[in-house]
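> Sequence:
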Amino acid sequence: MTLFRSPTMVLIGQCAPTNQLPLAMGVLSLVGGIVATFRQPMGKWLLSLGSLPAFLLGSVVLLGASLFLSRVLPPIEKKEAISPATVRAFPWIAMVNIALFAISTTWGTRVLMLVLTKQLEGISNGLMGLQFLLALMALPAGWLIRKTGHPVASLTTALGLLVLTLFCLLNGFWLPAIAFSWLLGSSILNNGLIPLLLEILQGNQTGVGIGLYFGCVGLAGDVFTRYWSTQSSQIQGGLGLAMLVMSTLLCARYWQGFRVPNKKGAGD
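First residue of the sequence shown? That's 1 in my numbering, and the numbers climb one at a time after it.
It should be emphasised that the hints constitute simulated quantities derived from the structure, not laboratory data.
From a predicted model like this one, the values you see are computed outputs, not experimental measurements.
Where a beta carbon is used, it is the ideal one built from N, C-alpha and C, also for glycine.
Heads up, some of the hints might be wrong.
Label pairs and their in silico Cβ distance ranges [to be verified]:
#, residue 1, residue 2, range
1, S48, L164, 39 to 49 angstroms
2, S51, N171, 40 to 50 angstroms
3, S233, M95, 29 to 39 angstroms
4, L69, D222, 24 to 34 angstroms
5, L136, Q14, 19 to 29 angstroms
6, I93, G215, 12 to 22 angstroms
7, N171, L73, 42 to 52 angstroms
Could you build all of it, start to finish, from the sequences and the hints given here?
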């Protein structure tokens, strides 16, 4: 998965027009969310077929996807040699901010999901229902980001909504409006982050930046499971709020000062 995810995101950036990137991510999030929602019953059904049929079915699906990509991908254009004068320095500061953003959002959203899961314990299939709604929100969120034309403002707003959601849940509030706030904030975050990274990073830096982001997400998730998940609810709540506020400030203050290049794609 580590080798698969970053090239997939870079491939989306190469194939989709710049102004359609949020919608492309919305389609990917929609399909992935629906599959994730029904992963347990589907997994049980696949395992009931036996190990060999399950392996055969998975292999056929992967081969079919590879064949489909080879038919629909645009031809690779030969790039002109880059002169030494146009070579840019490696964006170390941007990479550090990407790593900090990945860690803070991972810890913040993990705490939010823990609190949200506790609130839904008495509701049958409540969490599955919210995950399914989150998948359905992917396309509207992608359309909203595309319509605003300002991914930084969209992400900052999304993180602000998540901060508000966690604060309300920690103080005992549970209303449908809070669930909608979580759905909207999470959808915008899921569908707006990768398009922003694809726009602010260029060339070989794109794969490095996206790989760094997902690597830090995995590392932060492992550290959270091993250490923070065993702490008291008060410590977890404080950590979650601090991390979400930190990611909001990183997005608002750092990325707002980053001038996104005005790239035009098909469909402008």
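> Hint by hint, note whether the structure agrees.
Here is what the structure says about each hint:
Between S48 and L164 the beta carbons are some 43 angstroms apart, a value that agrees with the proposed interval 39 to 49 angstroms. Here the CB-CB span from S51 to N171 is close to 49 angstroms, well matched to the stated 40 to 50 angstroms. S233 and M95 have their C-beta atoms about 34 angstroms apart, which keeps the hinted 29 to 39 angstroms range intact. For L69 paired with D222, a C-beta distance near 31 angstroms keeps the hint of 24 to 34 angstroms intact.
At roughly 27 angstroms, the beta carbons of L136 and Q14 sit within the given window of 19 to 29 angstroms. Roughly 18 angstroms separates the CB atoms of I93 and G215, a value that falls within the hinted 12 to 22 angstroms. For N171 paired with L73, a C-beta distance near 50 angstroms keeps the hint of 42 to 52 angstroms intact.
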